[in-house]
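Participant: For the protein sequence lines, the chains are A and B, in the order given. Okay, so the first sequence: first residue is 1 according to the working numbering, each after it adds one. Okay, so the second sequence: first residue is 266 according to the working numbering, each after it adds one.
In short, the hints are calculated from the structure, not lab data. Careful: at least some of the hints might be erroneous.
[To be verified] If you anchor each label on the Cβ, the simulated ranges turn out as follows:
hint	chain 1	residue 1	chain 2	residue 2	range
1	B	K570	A	L205	41 to 49 Å
2	A	R260	B	R500	17 to 25 Å
3	B	E443	A	G33	55 to 63 Å
4	B	A418	A	E14	30 to 38 Å
5	B	G487	A	G33	24 to 32 Å
6	B	D394	A	V170	53 to 61 Å
7	A	K194	B	V464	14 to 22 Å
8	B	E443	A	V170	17 to 25 Å
9	A	G213	B	D394	34 to 42 Å
10	B	P585	A	T192	38 to 46 Å
11	B	A469	A	A221	45 to 53 Å
12	B	D394	A	I196	49 to 57 Å
13	A	A215	B	K564	54 to 62 Å
[Said to hold, decoys possible] Pulled from the structure, derived: some chain B residues nowhere near chain A, Cβ distances all over 12 Å:
hint	residue
14	D268
15	K328
16	D333
17	A453
18	G488
19	E497
20	G543
[Claimed, not checked] Stretches of chain A that chain B covers, calculated by requiring three or more beta carbons in the stretch to come under 8 Å of a beta carbon on chain B:
hint	region
21	65-73
22	123-129
Here a beta-carbon is modelled for each residue, glycine too, at the ideal position from N, C-alpha and C.
Now for the letters of each chain:
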Amino acid sequence: MNIIVCVKQVIDPEAPPASFKIDAAANKAEMRGVPPVLDPYGEIAVEAALKLKEAGGGKVTVLSLGVNLLREVVKKTLAMGADELILLEDEAYAGGDAYATAAALAAAIQKKGDYNLVLCGREASDTNAGQTGPAIAEILGLPCVTLARRIEAKDDGLRVERVNSEGYDVVVTSLPAVVTVSNEIGQPRYPTIKGIMTAKKIEPLVWKPADIGIAPAEAGASGRKTALRKLFQPVHEGQCEIAAGDTPEEMAANLAVRLREAKVL
Amino acid sequence: MSDFKGVVVYCEIKGDKILPIAAEALGIGRKLADDLGQELAAVIIGGGIAAVAPQSVAQGADKVYVIDTPQLKEYQADAYLAALEKAVNQVKPAIVIMGQTDSGRELAPRLAFRLGAAATLDCVDLAIDADTRRLLQTKPVYGGNAQAVFTAAADPQIVTIRTKAMAALAPDPARKGEVVNLPVEIDAAVIKAKITERVVEEVAGIKLEDAQVVVSGGRGIGGADGFKQLDELARLLKGAVGASRPPCDNNWIADTAQIGLTGKIIAPEVYIAVAISGSSQHMSGCSGSKTIVAINKDKEANIFKQARFGVVGDWKKVLPAFIQKLKDLAAA
Ligand SMILES: Cc1cc2nc3c(=O)[nH]c(=O)nc-3n(C[C@H](O)[C@H](O)[C@H](O)COP(=O)(O)OP(=O)(O)OC[C@H]3O[C@@H](n4cnc5c(N)ncnc54)[C@H](O)[C@@H]3O)c2cc1C
């Protein structure tokens, strides 16, 4: 099965909250002193693709859109075991919303052709938009399954377990299809030394808007359907009452008493 | 743009009732419609659901569009999408509101892209901009570290709302509204991805969403055994057990116990977070709790910024003593 996985370079969601800063003038967020990473759910989607390849053969192509994509970040997917890397990298792609991004990714997927399955993470850790996968499916007119926790090739199609709040749904679809992947599918593998060496030798393809048939005016910020009016950080007032005591047991008992007094429990 | 008018709420139903989130959507929808001086309509979809329509009216709708056919008795994303598309094309609302539920999170973006519009998911606030009369859509981004306010250029402006972020109106059974049947035939061929089975894995006992007290464990719990101790506390407090993501990823507890941005959003009276650092993604799921109590060995842990009460210490020592003291107090 030939699989295209869409991944994104993001600011590190696991960095300490104290390093998270908003540049109000640019309406942008950044992690001070912490390098960007591969989006965690994108990484999980790569893992899902590699599992399918292990089970049934085929090829895994990784597609990433962005500006100033760090090669060590996007090449991690190759080090994990992906075969090919295509970057939509150009200033023109900057500042897009779900619409502009999905339109460019869909155009690139069409140009690439020869695929059976498109995988995306369930949502990116920066925008938390959760739209790229469904959007690509609609643009390309493909079946769409979201929140996969298990994907199996079956009878020329797929059997997908879709996470829901009570358990899961079993969804059966023909191919080609778009599937978004959730963490329940399992932790992404670590790159091996061999994988890292192989990744070094693979040069990513770089496609500009013209290469995928998109006018610069349709890409990135100019292709947006939504406007970002404001970005701000809600404030939390810290007023935690820490239970006193000489030992953990004493503190625990004091907490219980205090919660009783305050009629919390 | 001028031919799009009014607000539509897609009211999800379970059994013969609209979901609480549908009532919350009607609550905010009513306010937005009033601010625009326009109508609030509800759309309900299902099979044999005629009796549900008055609930939407009681919760604030002026009009209810009912799409009622045996074909739509069971949820199938593709079929529901086709039905919603039909309803929206007929009503032409300026705003469409859905819940950020299992189905809302897949239907909203697909509906938007199908209609050439935009969607904003998981909004925690909605308002009408006085100058432009466009919908101001506020949603958490960066895992909850920040919030963004978006506006959409085209109509309909499609959003989903986060559970418990907006208030429902008190139901008023005396409210009058018009019920409109919308005949829709679904061509079976539209179902390209078909749900063939539904598996319920919900753990026994009180449901997380309904529990007044939730005892949650994080990575620091270290294994499935630790969750047994949390279970003991939860039972004592007649509550439920939740978790941050790592315990679910490590199979210490069922995936359905995950609280947070990509897990469940809950707002119990008391949330006891044990060995949870308090990442913004986790807090997205529990920050609406009335009182947060934290047990963590790291006094710098972010959870203490949002907790009201806390103990700095090893949970393995704190928890048994805490449970014992609660028992003693109850007996006294
Ligand atoms: C897009 C996205 C969505 C996500 N969605 C979710 C979500 O829905 N829910 C969620 O929970 N996470 C989610 N995450 C993951 C999230 O970012 C964090 O990784 C996760 O919440 C951390 O869980 P934790 O606090 O249990 O673990 P850690 O951050 O590792 O914290 C463990 C804590 O336990 C304490 N501890 C350790 N041992 C002990 C002890 N013996 N006694 C007392 N305290 C101890 C430590 O001091 C530490 O504070 C998401 C991430 C992304 C990128």
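Participant: Taking the hints in turn, state whether each one holds.
Facilitator: Tested hints:
| no. | hint | result |
| --- | --- | --- |
| 1 | K570/B with L205/A: 41 to 49 Å | holds (45 Å) |
| 2 | R260/A with R500/B: 17 to 25 Å | holds (18 Å) |
| 3 | E443/B with G33/A: 55 to 63 Å | holds (59 Å) |
| 4 | A418/B with E14/A: 30 to 38 Å | holds (34 Å) |
| 5 | G487/B with G33/A: 24 to 32 Å | holds (30 Å) |
| 6 | D394/B with V170/A: 53 to 61 Å | violated (43 Å) |
| 7 | K194/A with V464/B: 14 to 22 Å | violated (38 Å) |
| 8 | E443/B with V170/A: 17 to 25 Å | violated (39 Å) |
| 9 | G213/A with D394/B: 34 to 42 Å | holds (35 Å) |
| 10 | P585/B with T192/A: 38 to 46 Å | holds (43 Å) |
| 11 | A469/B with A221/A: 45 to 53 Å | holds (51 Å) |
| 12 | D394/B with I196/A: 49 to 57 Å | holds (50 Å) |
| 13 | A215/A with K564/B: 54 to 62 Å | holds (55 Å) |
| 14 | D268 | holds (18 Å) |
| 15 | K328 | holds (28 Å) |
| 16 | D333 | holds (23 Å) |
| 17 | A453 | holds (14 Å) |
| 18 | G488 | holds (16 Å) |
| 19 | E497 | holds (14 Å) |
| 20 | G543 | violated (9 Å) |
| 21 | 65-73 | violated (count 0) |
| 22 | 123-129 | holds (count 6) |
When held up to the earlier numbered hints, the structure conflicts with 6, 7, 8, 20 and 21 and fits the remainder.
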